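Visitor: So the chains spell out like this:
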Amino acid sequence: MEELSRNIVEALGLNPFWEQVFYALAIIVVAVVVFMAALTIAGLLTYLERRVAGRIQSRVGPNRVGPLGLLQWLADGLKLVMKEDLIPACADRPMFRLAPYAVVVGVFAAFVSVPFGQLLIAADLNVGIIYLLAITSLVSVGVLMSGWASNNKWSLLGGIRSAAQIVSYEVPSALSILSVVLLAGTLSMQGIIQAQGGQEYHAEFWARGGWPWNWFIFHNPFAFIAFFLYFTAAVAEGNRTPFDLPEAESELVSGYNTEYSGMRFAGFFLGEFANIYLMSAVATTLFFGGWQIPGILPEEQASSWSLQLMGLLIFVFKAAIGCFVVIWLRWTLPRLRVDQLMGLCYKYLVPFAFICLGGNAVYILLIKAGSTFDWIVHGAMTLFGFALVVYFFVRVTHHIRLVKDRVDFDILSRGTKKPFDPAVQTRRYGRHRKGARALEITGQQGKEIG
Amino acid sequence: MGALSSYFSAVGRTIATLGDGLAVTFSYLFRKPVTLQYPDRTVEPLISTLPERSRGILEIDIDVCTGCTMCAKQCPIDCIHVEVVKDPETNQRMLTRFDIDIAKCMFCGLCVESCPASGLRHSHEFEGAMSDVARLMLHFVDKPLPVAKPPKKDEPVQTKPKGSIVREMLRDPWARTRKSKPKAEECGDIG
Chain G
1 MEELSRNIVE ALGLNPFWEQ VFYALAIIVV AVVVFMAALT IAGLLTYLER
51 RVAGRIQSRV GPNRVGPLGL LQWLADGLKL VMKEDLIPAC ADRPMFRLAP
101 YAVVVGVFAA FVSVPFGQLL IAADLNVGII YLLAITSLVS VGVLMSGWAS
151 NNKWSLLGGI RSAAQIVSYE VPSALSILSV VLLAGTLSMQ GIIQAQGGQE
201 YHAEFWARGG WPWNWFIFHN PFAFIAFFLY FTAAVAEGNR TPFDLPEAES
251 ELVSGYNTEY SGMRFAGFFL GEFANIYLMS AVATTLFFGG WQIPGILPEE
301 QASSWSLQLM GLLIFVFKAA IGCFVVIWLR WTLPRLRVDQ LMGLCYKYLV
351 PFAFICLGGN AVYILLIKAG STFDWIVHGA MTLFGFALVV YFFVRVTHHI
401 RLVKDRVDFD ILSRGTKKPF DPAVQTRRYG RHRKGARALE ITGQQGKEIG
Chain Y
1 MGALSSYFSA VGRTIATLGD GLAVTFSYLF RKPVTLQYPD RTVEPLISTL
51 PERSRGILEI DIDVCTGCTM CAKQCPIDCI HVEVVKDPET NQRMLTRFDI
101 DIAKCMFCGL CVESCPASGL RHSHEFEGAM SDVARLMLHF VDKPLPVAKP
151 PKKDEPVQTK PKGSIVREML RDPWARTRKS KPKAEECGDI G
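Chains as they are written, first to last, in my numbering: chain G, 1 to 450; chain Y, 1 to 191.
Treat the hints with caution; some may be incorrect.
[Said to hold, decoys possible] In silico lysine-lysine, DSBU-like type, Cα no more than 35 Å apart, as pairs:
id: 1; chain 1: Y; residue 1: Lys73; chain 2: Y; residue 2: Lys143
id: 2; chain 1: Y; residue 1: Lys32; chain 2: Y; residue 2: Lys104
id: 3; chain 1: Y; residue 1: Lys152; chain 2: Y; residue 2: Lys162
id: 4; chain 1: G; residue 1: Lys83; chain 2: Y; residue 2: Lys104
id: 5; chain 1: G; residue 1: Lys79; chain 2: Y; residue 2: Lys73
id: 6; chain 1: Y; residue 1: Lys104; chain 2: Y; residue 2: Lys162
id: 7; chain 1: Y; residue 1: Lys73; chain 2: Y; residue 2: Lys104
id: 8; chain 1: Y; residue 1: Lys149; chain 2: Y; residue 2: Lys162
id: 9; chain 1: G; residue 1: Lys79; chain 2: Y; residue 2: Lys143
[Unchecked claim] Pairwise CB distance ranges (calculated):
id: 10; chain 1: G; residue 1: Val65; chain 2: Y; residue 2: Lys153; range: 51 to 61 Å
id: 11; chain 1: Y; residue 1: Ser5; chain 2: G; residue 2: Met342; range: 18 to 28 Å
id: 12; chain 1: Y; residue 1: Glu168; chain 2: G; residue 2: Phe324; range: 46 to 56 Å
id: 13; chain 1: G; residue 1: Leu86; chain 2: Y; residue 2: Ser131; range: 52 to 62 Å
id: 14; chain 1: Y; residue 1: Gly21; chain 2: G; residue 2: Val29; range: 25 to 35 Å
Derived from the structure by calculation, the hints contain no laboratory data.
Computed from a predicted model, the values in this text were never measured in an experiment.
Just so you know, even glycine gets a beta-carbon here, dropped at the ideal spot from N, CA and C.
Extracted from the complex, chain G is given alone in its bound form (with noise of 0.2 Å):
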């Protein structure tokens, strides 16, 4: 942006006093522009949440506002824009009112040095994932900002809880992290993408770009795990189920943002929805070789324009997935206790991500970068994930199997294409127009169900 700045100025022939200037307000349009992807992102985030947990409840979801309900984050923002914004009368003002901000802040500002592709990052800042790991603390800070201001038992519980929760929880993330970076032997983000592609002395085809065994989850056994530590721990940072006791609706009504309405709930919100990807980012660049292409070197993917699109498409997808997986989990699993969260960190991962980093620190020691046996265990680790994936897939067939004639597969569809089969209908809802009937069909159904 400097470059450009200043070659802007040359050739308007202005004095260098506007390079200032026009690097200001370069970089007011990209802060602008990753605030706004970021909310886009996050906004739709929302309705795939929504969507996916109706369908894992046998619902449909919504799907009134605009085609498929993918409008419908839009229409839930300028519902939460037009509510009133609630003070409580005894409420901390400034701080009530402060930390939404430091929420948003910290996880938008960690957007900043997040990868979309080769050329698409913000600042490619060279302490990169330290960066990340230090700006989202600040999602810490505002929450327990907020459970505090709020004057409230509930909210300041949930803030505690959270504080507490990401501070044990940066223990095992950043330890799994740094199995990363020893892997990478650099901190920035595009450093660390850029050697998951491969030896470039590798001429082979199969060896160049974003295979699968190039990525670090396959590098080694050790790797293979890190990427779980850092990937529990990361849904735990961001308060999803099942690590939600901030929030618990159920104990805690909601936690720290009890008291919050209109937009400034929604900005707690969107700053949960906006780390979900944020985490999912992060896991691609760390784990499975960000917008790496398979088969194409990074040099030839910076001097074609296509094939920086591809590396987007490619990227987002797998971000994509990394945000399907976190809201399948949430719909999945129930909360856990205090002491089960407390009890799984401190017990469980952080002791495994101490072995991986010492794993990973000693697979570098011993063996030799691109020599064959290293080779082998990169296909073999590969072999080993698609395996549990296929064997996962086994499962899921099982168990659509089980369901028989209730299939849909469907998914996208705006629920039931076909009117209802009246005979269906009946069985199922108990339509009674006539009393005599009614019992019948009731008795009918309780024998099929029984």
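With chain G fixed as given, assemble chain Y onto it according to the hints.
Guide: Structure of chain Y alone, referenced to chain G:
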């Protein structure tokens, strides 16, 4: 060694059960939704699927009303207002007002049981959302009309089909309540 093996078996169990749990919820993504998308994706209007004796919005066939005001007396929350006046010229009892406040009605059915002419009944209509709560005050008498004779015992009373009266009244939820502002006494207790 016992502690260590139980530690690792706990880890293994967690992973195995988590994986299978995820498989179950994933399979649910391919299940038919069981929900009925009300109101426009039902085979027939939902109203026709209601049980015969379901208590919908009250309606009165004013042509068979005897003006006995039993229903108004029975109503525990006074949501029925009936006025009968004697016409000084013809000496005929005239029904001048029969209002039911659906916003207040609790659908207990006591009025229906008390009606000697079976002109008052629960229709099957239930979609009564209105832009203005005053529109839920249903006026069944437009201009004064003579009351009907009480029916003889065991004689069936001919009434209009169920729901035909009230459906007309509830048809347009966004219609303006009145041209002019209604008077306080006209609106009953709503004000």
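Visitor: All hints are to be evaluated individually against the structure, with a verdict given for each.
Guide: Evaluated hints:
1. Y:Lys73 <-> Y:Lys143: Holds - the C-alpha atoms of Y:Lys143 and Y:Lys73 are around 23 Å apart, at most 35 Å.
2. Y:Lys32 <-> Y:Lys104: Since the Cα atoms of Y:Lys32 and Y:Lys104 sit roughly 39 Å apart, the hinted pair is violated (cutoff 35 Å).
3. Y:Lys152 <-> Y:Lys162: Measuring from Cα to Cα gives roughly 22 Å; hence the hint holds.
4. G:Lys83 <-> Y:Lys104: holds, 29 Å
5. G:Lys79 <-> Y:Lys73: Outside the cut-off at roughly 45 Å; violated.
6. Y:Lys104 <-> Y:Lys162: holds, 21 Å
7. Y:Lys73 <-> Y:Lys104: Answer holds: Y:Lys73 to Y:Lys104 is near 15 Å, not above 35 Å.
8. Y:Lys149 <-> Y:Lys162: Holds. Y:Lys149 to Y:Lys162 sits at ~21 Å (cutoff 35 Å).
9. G:Lys79 <-> Y:Lys143: violated, 45 Å
10. G:Val65 <-> Y:Lys153: 51 to 61 Å: holds, 59 Å
11. Y:Ser5 <-> G:Met342: 18 to 28 Å: Once the Cβ atoms are compared, 23 Å apart, the range 18 to 28 Å for G:Met342 and Y:Ser5 holds.
12. Y:Glu168 <-> G:Phe324: 46 to 56 Å: holds, 50 Å
13. G:Leu86 <-> Y:Ser131: 52 to 62 Å: violated, 26 Å
14. Y:Gly21 <-> G:Val29: 25 to 35 Å: Distance hint for Y:Gly21, G:Val29 is violated at roughly 46 Å.
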